[in-house]
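Be aware that the first sequence starts at 32, since it is given in this note's numbering, and climbs by one per residue.
If you're looking for bench data, these hints aren't it; they were derived computationally from the structure. Keep in mind that a hint or two might mislead.
[What the hints assert, rightly or not] Derived DMTMM-like pairs (lysine to aspartate or glutamate); straight-line CA-CA distance at most 20 Å: (1) K197 to E248; (2) K498 to E429; (3) K348 to D413; (4) K498 to D415; (5) K380 to D298; (6) K376 to D402; (7) K380 to E396; (8) K348 to D320; (9) K348 to D415; (10) K432 to E368; (11) K359 to E322; (12) K511 to D451; (13) K220 to E74; (14) K286 to E499; (15) K379 to D413; (16) K380 to E409; (17) K349 to E409; (18) K126 to E81; (19) K126 to E136; (20) K286 to D298; (21) K458 to D447; (22) K126 to D200; (23) K482 to E459; (24) K340 to E144; (25) K157 to D200; (26) K340 to E136; (27) K386 to E368; (28) K392 to D415; (29) K392 to E248; (30) K359 to E303; (31) K430 to D406.
[Stated by the list, open to error] Across the chosen pairs, the derived CB separations fall in these ranges: (32) K359 to Q78: 27 to 35 Å; (33) D155 to D362: 18 to 26 Å; (34) E34 to S325: 19 to 27 Å; (35) E144 to D362: 55 to 63 Å; (36) E144 to E34: 26 to 34 Å; (37) Q94 to S316: 47 to 55 Å; (38) T109 to S149: 43 to 51 Å; (39) K197 to K134: 16 to 24 Å; (40) Q94 to K359: 37 to 45 Å.
Given the structure is predicted, the values throughout are model-derived calculations rather than measurements. In this text, a Cβ means the ideal position worked out from N, Cα and C, and glycines have one as well.
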Amino acid sequence: MSEVKTRFAPSPTGRMHVGNLRTALYSYLIAKHAGGKFMLRIEDTDQNREVEGAVDIIKRTMQETGLIPDEGPDNPGTVGPYVQSERVKAGIYMKYAKQLIEKGEAYYCFCTEERLQSLHRVVDGKDIMMYDKHCLHLSREEVEANLKAGKPFVIRQNVPNEGTTKFEDEIYGTIEVPNSELDDMILIKSDGFPTYNFANVVDDHLMGVTHVVRGNEYLSSAPKYNRLYNAFGWEVPVYVHCPLITDEQHHKLSKRSGHSSFEDLIDQGFVEEAVVNYVALLGWSPEGDREIFSLPELVENFDYHHISKSPAVFDMKKMRWMNGEYIKAMDFDRYLERALPEIRKVVKKDLNLTKIAEMVKTRIEIFPDIDDMVDFFEELPDYDGSLYQNKKWKVTPEKSKKVLSDLLPVLSAQEDWTNDALYAVLKEYSQAEGVKPGFTIWPVRIAVSGKQVTPAGATEIMEVIGKEESLSRIRIALEKYLN
RNA sequence: GGUUCCUUGGUCAAGCGGCUAAGACGUCGCCCUCUCACGGCGAAAACGGGAGUUCGAUUCUCCCAGGAACUACCA
């Protein structure tokens, strides 16, 4: 058996869709698991849809996710070029299309747009069209004359109306389709560019791809590919169709879902590795119970036979959970790089931001979660006096008032403003009063934070905001909220 | 409309003829605790329906229902 070679073949039309990312990931994993090669090919055959800079997005995304191609536009192997528009210039597709015409498997079509338009009909609000093989019946002379006259043409695949075509998919098994369902799809467009379908087959063969990994949405066009391979007498590659990734409504993930692309997710504060990890588990499951996998670990464990058939909903909740796991496990310096800018958005004062970052590390799932958690460091929010009511510690506003009044002079006299020292002070006071520490600490925490929930205890907060600010906030509590 | 595919808890999913039908997220409870979170423990929650095949079907076959994808000179 020859070496496994897979490819990721995106169109440069914008951001990297998560469905595409998963296809790329599975392609990569299949190749790497088998010790094979992973290739990148750019399918820029639609000049209208091409988006400036999209190729860079693709390349950058692959860098960031670690899906590094062994061959591609930037590191060509022996089967280049790796960009289809360049292959068009080399005349590759036209050459093979003409071979097909010789064999009677394809034909020139000169139909006008108007004529094609007349073939469309609307069923259930959907516009559907099936070509009627009008130009198949043109005589050789007519074709020659049309070509000589410079009439625009396309080349279509010639699929018989009778019989069936079947193909094998590794995941879905044998799939058989009646030929009458198969449209005479266009192979070469009137601008001389190949369509995706044709370029794909030609390139996968020419470039030695052994396993074709792609989305389930292409499952129904696969039989047409088989006909092409057979017509050429080429070996059919192994097909691996991945199940669809859907939104909560069970529809194919689209731009409007807001998290449809890798970049969207990163923008929202997700970590690259977490996205890769989560996406790997959409449609595939490892053998054990483990869910957290680095890319190398995925390579080691990935067995494409365990890819499932049913579509998977992209669950933001679980994505967030997994991201939280990655943040918790993240090397602190790297964490700081992403956490600090987020903290600076709300904390402008010269406080110990590293300490604040430490506090929130186990409490966030995505980086923007930080904002609402640490805003009180910057400024004491307006709060409700009822916060001083706490059932567990049996704290009331009245009791809080006494605690804070008692503590104010004690804390004013306190020199060592570190967490441990402050905690000792509060504990000592509690013992002297014969109450639980929590009873004392609750009102202090409310006073210095103004919030019901904080990412740290009272004394940690005091340490960070400092003595002066702490005392000031306690005074405000006494004067404004407990009076 | 046609074709193709899919159908285990709300979600991701194990299961590949015999099980009290894993596990994870989420939800809820308890513990830990200077609030919350982390961590620990626990609970509720599923085989779409109907026929077969079989001693026995979540697992095999068929039908139905539901869902999805495709049906472009887009990929």
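So, going through the hints one by one against the coordinates:
For the given pair, K197 sits about 17 Å from E248 by alpha-carbon distance, which is consistent with the 20 Å threshold. Taking the CA atoms of K498 and E429, the gap is near 24 Å; set against the 20 Å cutoff, the hint is violated. Restraint check for K348 and D413: the C-alpha separation of about 31 Å exceeds 20 Å, so the hint is violated. In summary, the hint linking K498 to D415 is not supported, as the alpha carbons are separated by about 23 Å, beyond the 20 Å threshold.
Proximity of K380 to D298 is assessed by CA-CA distance (about 26 Å); at most 20 Å being required, the pair is judged violated. Distance hint between K376 and D402 is fulfilled; the C-alpha atoms sit about 7 Å from each other, no more than 20 Å. A distance of roughly 25 Å separates the Cα atoms of K380 and E396; the hinted pair therefore is violated under the 20 Å criterion. A C-alpha spacing of about 19 Å is found between K348 and D320, which places the hinted pair at or below 20 Å, so the restraint holds.
A distance of roughly 31 Å separates the Cα atoms of K348 and D415; the hinted pair therefore is violated under the 20 Å criterion. A distance of roughly 41 Å separates the Cα atoms of K432 and E368; the hinted pair therefore is violated under the 20 Å criterion. Annotation: proposed proximity of K359 to E322 holds, straight-line Cα distance about 15 Å (limit 20 Å). With a CA separation close to 29 Å, the supplied pair K511 and D451 exceeds the 20 Å bound.
Under the criterion of a C-alpha separation no larger than 20 Å, the hint pairing K220 with E74 is consistent with the structure, at around 15 Å. At roughly 50 Å between alpha-carbon atoms, K286 and E499 are farther apart than 20 Å, so this suggested pair is violated. The hinted pair formed by K379 and D413 meets the criterion: a straight-line CA distance of about 19 Å does not exceed 20 Å. Proposed proximity of K380 and E409 is supported: the alpha carbons are some 6 Å apart, at most 20 Å.
With a C-alpha separation of about 32 Å, the suggested pairing of K349 with E409 is violated against the 20 Å cut-off. Restraint check: the Cα-Cα separation between K126 and E81 comes to about 24 Å, which exceeds 20 Å; the hinted pair is violated. This hinted pair checks out: K126 and E136 have alpha carbons roughly 14 Å apart, not beyond 20 Å. Restraint check for K286 and D298: satisfied, since their Cα atoms lie roughly 14 Å apart, inside the 20 Å limit.
For the hint linking K458 to D447, the alpha-carbon distance of about 15 Å falls within 20 Å, and the restraint holds. Using a Cα cut-off of 20 Å, the hinted pair K126 and D200 is violated, with the two alpha carbons roughly 29 Å apart. Annotation: proposed proximity of K482 to E459 is violated, straight-line Cα distance about 25 Å (limit 20 Å). For the given pair, K340 sits about 39 Å from E144 by alpha-carbon distance, which is inconsistent with the 20 Å threshold.
Proximity of K157 to D200 is assessed by CA-CA distance (about 29 Å); at most 20 Å being required, the pair is judged violated. At roughly 32 Å between alpha-carbon atoms, K340 and E136 are farther apart than 20 Å, so this suggested pair is violated. For the hint pairing K386 with E368, the CA-to-CA distance comes to about 14 Å; that is within 20 Å, so the pair holds. The hinted pair formed by K392 and D415 fails the criterion: a straight-line CA distance of about 28 Å is larger than 20 Å.
Proposed proximity of K392 and E248 is contradicted: the alpha carbons are some 40 Å apart, above 20 Å. Among the hinted pairs, K359 with E303 is consistent with the structure: their alpha-carbon atoms are about 14 Å apart, no more than 20 Å. Simply put, K430 and D406 have alpha-carbon atoms about 27 Å apart, too far for the 20 Å limit, and the pair is violated. Separated by about 47 Å at the C-beta atoms, K359 and Q78 break the suggested range of 27 to 35 Å.
One distance hint, 18 to 26 Å for the beta-carbon pair D155 and D362, is violated here, with the actual separation near 54 Å. For the pair E34 and S325, the beta carbons lie near 25 Å from each other, so the given range of 19 to 27 Å is met. Restraint check, E144 to D362: a C-beta distance of roughly 58 Å satisfies the suggested window 55 to 63 Å. Between E144 and E34 the beta carbons are some 45 Å apart, a value that contradicts the proposed interval 26 to 34 Å.
For the pair Q94 and S316, the beta carbons lie near 27 Å from each other, so the given range of 47 to 55 Å is not met. For the pair T109 and S149, the beta carbons lie near 47 Å from each other, so the given range of 43 to 51 Å is met. Look at K197 against K134: about 20 Å separates their beta carbons, and that is inside 16 to 24 Å. Distance hint check for Q94 and K359: the Cβ-Cβ separation is about 25 Å, which falls outside the suggested range of 37 to 45 Å.
Checked against the numbered hints listed earlier, the structure breaks hints 2, 3, 4, 5, 7, 9, 10, 12, 14, 17, 18, 22, 23, 24, 25, 26, 28, 29, 31, 32, 33, 36, 37 and 40; every other hint is satisfied.
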